[in-house]
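Residues 1 to 255 in the UniProt record's numbering are what the sequence shown lists, from first letter to last.
Take these hints with a grain of salt, some might be off.
Using C-beta positions, here's what the derived DEER-type ranges look like [said to hold, decoys possible]:
(1) Q18 <-> P205: 27 to 35 Å
(2) E105 <-> R212: 21 to 29 Å
(3) G69 <-> E129: 47 to 55 Å
(4) E129 <-> G188: 21 to 29 Å
(5) E252 <-> K9: 42 to 50 Å
(6) E129 <-> S6: 56 to 64 Å
(7) Q39 <-> A169: 22 to 30 Å
The set of hints was computed from the structure by calculation and includes no laboratory data.
The structure displayed is predicted, hence computed values, not measured ones.
Positions of the beta carbon are idealized from the N, C-alpha and C atoms, including for glycine.
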Amino acid sequence: MAIDQSDPKSPAQQIADQLRAVIRSGDLAPGDRVPSTSQLMETYGVAYQTARNAIDALKGEGLVETRKGAGAFVRRLPPMIRLGSDRYSRAVRDGGKAPFQAEAETAGLTWSQEILALETVPAPAWVAEWFDIPAGTEVFARRRRTLLEGVPTQLGDSYYRLEVVEGTAIMQEDTGPGGGYARLEERGHKLTRFREELASRQPTPEEVSALRLSRGTTVVELHRIAFSEAGPVEVFRSVLAGDRHTFAYEFEAPA
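Taking the hints into account, I'd like the entire structure generated from these sequences.
See below:
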């Protein structure tokens, strides 16, 4: 292998391109060791920093990970889950499953959830706007971290008006069969529609730690509003690891 001096790409970019192609072809599988900087220096006749920059470029893309004292390895991809709009169907709730649970079980993956907080908090301005209440009005918040195959995949916060959830299992760690939506409907809040907004962004340091994100991995911030005939009954915000989710939506063509 050699560096093409006529190529406008830098030597580091050319090396990264060739290593990327080998990884994507499967010749270097997840868990395999990537050629060391010394090997790259010898193979391509480049300086240490050039070889290092090539590895760093792949690390920034999330293709490789480095281990102290051991070198660089092709990254083992975390489990991927599909999140489809059908996970909110009444059939799912009537079957005793929460939305994420239904998707995980359909994919044959194990899931778990850690409750981070169950608390009464002043409503953030954007939550208060959806509930049409003054900002700072007390609302109930459920904060949790969801894991797939033992790997953290998302952080989620649900907000409810106090009068909607007082006396229900939504205020407890275990919301029961069908999850919080089933409890809302038992309370008379028949769900009629959902609204979701998604935005991709860079994670905060806290999110990197909580979701164990590799360098270069983005997150998807999702806002979901659950409506009954009377209006919003849940305002939900989640932060999802961008490399562990795919979103699927099916809808009628507008007239």
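Exercise for review: Could you see if the CB distance from Q18 to P205 stays within 27 to 35 Å?
Suggested key: 33 Å, holds
Review point. Between Q39 and A169, does the C-beta distance stay in 22 to 30 Å?
Key: 58 Å, violated
Review point. Do the Cβ positions of E105 and R212 conform to the proposed distance bound of 21 to 29 Å?
Key: Given range 21 to 29 Å: holds, Cβ gap about 23 Å.
**Study point:** Range hint compliance [Cβ, E129 to G188, 21 to 29 Å]
**Key:** Holds, since E129 and G188 (Cβ atoms, about 24 Å apart) stay within the stated range.
Practice item. Take the C-beta atom of E129 and the C-beta atom of S6, compute their distance, and say whether it sits inside 56 to 64 Å. Key: 58 Å, holds
Check your understanding: Is 42 to 50 Å a correct range for the gap between the Cβ atoms of E252 and K9?
Key -> 46 Å, holds
Practice item. Check the following: the C-beta atoms of G69 and E129 are separated by a distance inside 47 to 55 Å. Key: Holds, since G69 and E129 (Cβ atoms, about 51 Å apart) stay within the stated range.
Hint 7 from the list above is the single one not met by this structure.
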